[in-house]
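**Student:** Once you've looked at the hints, dock chains P and L against the given chain X.
If you're matching them up, the sequences are chains X, P and L in order. Okay, so the first sequence: first residue is 45 according to this note's numbering, each after it adds one. Okay, so the second sequence: first residue is 8 according to this note's numbering, each after it adds one. Okay, so the third sequence: first residue is 22 according to this note's numbering, each after it adds one.
Don't read these hints as lab results, they were simulated from the structure. Wrong hints could be hidden among the right ones.
As the list claims (entries may be wrong) - Stretches of chain L that chain X covers, calculated by requiring three or more beta carbons in the stretch to come under 8 Å of a beta carbon on chain X:
1) 112-122
2) 321-334
What the hints assert, rightly or not - Facing chain P, from chain L, some residues (calculated, C-beta under 8 Å):
3) 344
4) 349
5) 353
6) 364
7) 366
8) 417
Virtual Cβ for every residue (Gly too), placed ideally from N, Cα, C.
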Amino acid sequence: MDNIKTRGQKIIKAIIKQKAVVAVLVLLILMIFPDTNFYSSYNLINVFRSISVLEIIGFGVTLTIIAGGVDLSVGGMVSLSGILVIKLMDYMPMVYAILCGMLVGAIIGVINGFLTVHQKTEPFIITLGIGMLLKGVSLVLSNAHPISCANPVFVEISNGLLFNSVPYLVIYMLVLLAATHFVLRYTKFGRNCYAIGGDYNVAAYSGINVVSTKWMTFVISGVLAALAGILLASSMNTGSPNYGDSIPLLVCCGVVVGGVSFSGGVGGAFQSFFGLLVLQLLSNCMNMIGIGAYVQHAIQGIVIVAIIWMDCFADKRKREAV
Amino acid sequence: MNMGTKIKKILLEYLVLVFIVILVIVTAIAEPKFMTSANLNNILRQFGPLSFVALGMTFVIIGGYIDLSVVGIMSLVTVVTVSLIDVTGQVVALIAGIVMGAAMGLFNGLLLLAGGANTQAKALFITYGMSMLYGAAALIFTAGGTLHMSWLTTPQTVFAAIGSGNIGFISVSFVVFLVCLIVLHTFLSATHQGMAIRIAGGNKMAGELSGVPVNRSLVLIYMLSGLMAAIGAIVLFSRTTMANPAAGKGYELNAILAVVLGGTSLKGGYGNVLRTVLGVLLVTLMANCLDLLSVTTYYQTVFKGSILVMAIWLDNRNKQQGGE
Amino acid sequence: MKENEPDIILSIKDVYKSFPGVVALNNVSIEIGRGTVHGIVGENGAGKSTLMKILSGVYTKESGTIIFDEKKIKDITPIQSLHMGLSIIYQEFNLVNSMSVGENIFLGRFKEMDGMRGTHAKAGELLENISSSIDTKQMVSELSVSEKQMVEIAKALSFNSKLIIMDEPSSSLTADELKRLTQLIHQLKEKGISIIYISHKLDEIFDLCDVVTVMRDGNVIDTKPVCEITRSEMIQKMVGRSIENEYPERPHCVGETIMEVRSINTRKLHNISFELKKGEILGLVGLVGAGRTEIVRAIFGADKAKGHQVILNGEPIRIKKPADAKKAGIGLVPEDRKLQGLVLNFPVQTNIIMASLKKPTRFGFINKSAAKEIAKRQVDNLNIKTPSIATQVVSLSGGNQQKCIVGRWLEISPRILILDEPTRGIDVGAKYEIYLLMKKVVENGGSIIMISSELPEVLNMSNRVLTICDGRITGEFNPENTSAHEIMDKAIG
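Just chain X, same shape as in the assembly (with noise of 0.2 Å):
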């Protein structure tokens, strides 16, 4: 009976430690109340087809912060892989078009590896600048307008229906989130990458190639970034050089918020997947209640700024400790 007693006790414990996993049960049991379509399959599905590209362009921004950096950039580089994807299609096959999307997002982070990693500069300025420049590569490829595609096709990679029901972006997303799990926690690249992230200097005293690890990291967020592009595209069959305005803080407070610490070594793909889920669907249930697009801005603000403070106190309390 004890044994029962102090396994479940353990349970809740550990549930209880995963603050946006309480967050989430708390918001769907509060949306029992209000008369909504918020338990409709429609919304429901929506709202997982929404936070789909969001999920995933945060899997490989959680990987670079776990081992100790951050990539913002990668608002930039959704902006501009479905634009440049579309506008390839118009040349070659939408696979090879697709390819070479992808192609350009590993570029982009081996870039992005070399100048933090290998030159040692702060990361989440130059990756802000480097986002910067691609959203005006994208603003170039579409003259700043948003472009559709032509192809039929295209928008079946996103919207198609599995079991008509269920849109293939969301399978990709949640293969994606198994996927990153599976590498976090299995594979030498991914304790490597904690091990980074926890203490820089004893993963390479350990023997760990750091460097190489760290700069990974960046193009498997790049690459990924450009990914979500590319579905997002072809979700809206639009591409459209907006995008990506207010996706890289939105995505790292998101992870803050599944307990990724910017300090490195700590979090988890279904942390960061449970975390930009809150963000999001404190934003769905808005909507549903009918609360103002601003008023979810401001809220959203107030959000992000707790959040973070919150995070930024307890290093506080922490350093002062005496």
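**Tutor:** Structure of chains P and L alone, referenced to chain X:
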């Protein structure tokens, strides 16, 4: 040190000047329209709002931090000030706008101090969140619409003066800018508190252990940034005669670009306001030259992004070699 | 007969290593026998940690030979050293706090261990072998110091180490935990593993070690079996040295009490209370980590310690931040001048006037010539060698950098000047100048609290010495009629 090495040293220090000169020469040759008084006037006018915001940003960066909330501050100050004109008259509205900007900046500073934000990264995210909040407040205030100053009933002579008036040859806004520049430069380089800000940016711990008011400096730099953003917003809407709730868009990155290009280091402690002026000049000139050369705005964004990245990269390399 | 001849697992011969301004290892030679516990003792700065860092691959030696397990070691990396069978357990531990025990033990060897399952299984085995019941899935940050040590030992065993170096292993252990460690060390010894045991706790050296080497000022003074040396002899070898005219005549200006410190209690410090007299140089002696810097930081308001009292001239004063201390006339020259003392990219002038900005200030503006005056004055008075006061302070030598910080505080004519390791990393000439400065301060009526890890320095300059051990004041001495030996004894605890 002979004249030659002295000049070389100054040139390296003020690399931005070199670029400006090169840019001017190249454009003047490629596009003769550059050197007309109409165009030069154009440049001076474009100089406006960004220069104020960049001045404020300089303080934050020298102090060792960064401020992304200028966007939101500009937006909110714009809509509130314009809305107040009919209610309280223009003078009060003007003062209220400036005070509001300073107050929002002050709040940012206190928030960061209370939370113990000791890195640029933490300040980046928190000020971004505040920007969202302020910006959303602006949108809520006007329900998304833009207020046209021509709809107002109260005369707006002050704002008209700021926007397009002249004192002799020079525009009013330029005079205001010069005044701000002189005041801020003097503040940073010649006062006790200005020195405290620079020390706090150079080595916060050493400053604190020497009794330098580093905490006060943190709050002050954000207050100044907010204040300058407010002035920039006022100059902007005086010119466009419209209160756009998304007024601040793009100003944060451009301001940072101007500061970095001017040679002020992102690491803090080094730099001055005059450099930023040169940085703004370079940014404005780039836009102007590229416009004349018929380069679209979009290519300009690419150009700007590349320059920003390179400037940050070089700044980092420089500091690594020199600072140890 | 082979049995009587101890096998040598590690042979260090004539190893030399220097850093700018100081010789860390001066042709050091030691032999470590297989299956022995070999203690190394010496004061702070004797060269122990430099030697260990060379063995573990962090530093490279400049000359000399090192032979480990009959293989010559030359320019190895830390991971190579581990694979050879040489492990080191640092006092601060080489663990990633945010990861689990099992993963830390096999850090970087994930693949070879068959993934997570294999890692935890093997880690569990290793821990069991040393009778530890730590859960391998626990995060290292949740472990006690003793448990972290067990993890490090398990890590060493996972590399089949033949030699394990332990640097100050018992500094945070309880008596019980120390007993367990002792048992474990005996266990390891029986398996034929050698241990180098670096410690200040001489009792432990006698308990655990077979042989002990005494180091001093980068030299090996002696290596003897433990049964052939007494505690007294050991201390004598640790501190005994010939003192040429390294120090000026000790000042004697001690007057009445001017400051009382009462009951500093923090996580590290326990009931610290003491007095300081006018014109006195008070020395704080203790091992690294004993709490000396914490004491002065608490007084200065640099740490947020609460509940203690500082009474100056009979008046209790509130010091909540360094600016308050400055106002009360207290100055602090911090331990790490590069990180905490100087703004490296700034000119000498700024670094000097930093604490006295109010002086040349009128109506908020700094009078540039007055500021220059102040800087020039200090440069002249302290004989600071710099091309000009506009030179970046980073290009000055260590001694001159230190003088800038001292000059910064002298400018406010402090009543009490606290010096934390004032002559660390400074050449002999500059050291003497700093001693003269200290003398001048007290001759002008100021008081000095001096923290130094160089015992002779403290003993020759102080009027009174407090020994600090494990966060407590363990003794109060007059260095003029107490031997270094006695004082060191109390500092070691």
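**Student:** Now tell me if each hint is right for this structure.
**Tutor:** We went through each hint and held it up to the structure:
1. For the segment 112-122 of chain L, the stated coverage by chain X holds: 6 residues have a C-beta nearer than 8 Å to a C-beta of that chain, and at least 3 were required.
2. For the segment 321-334 of chain L, the assignment as covered by chain X holds, since 3 residues bring a beta-carbon within under 8 Å of that chain's beta-carbons and 3 suffice.
3. Here the hint on residue 344(L) is kept, as its CB sits about 4 Å from the closest CB of chain P, short of 8 Å.
4. The interface hint given for residue 349(L) is violated, since its Cβ lies 11 Å from the closest Cβ of chain P, which is over the 8 Å cut-off.
5. Because the smallest distance between the Cβ of residue 353(L) and any Cβ of chain P comes to about 6 Å, under 8 Å, the interface hint for this residue holds.
6. With a cut of 8 Å, the hint placing residue 364(L) at the interface with chain P holds, because the nearest CB-to-CB distance is about 4 Å.
7. The restraint placing residue 366(L) at the interface with chain P holds, with a minimum CB-CB distance near 6 Å, inside the 8 Å limit.
8. Contact between residue 417(L) and chain P, as hinted, is not supported at the beta carbon level, the nearest pair being about 13 Å apart and thus beyond 8 Å.
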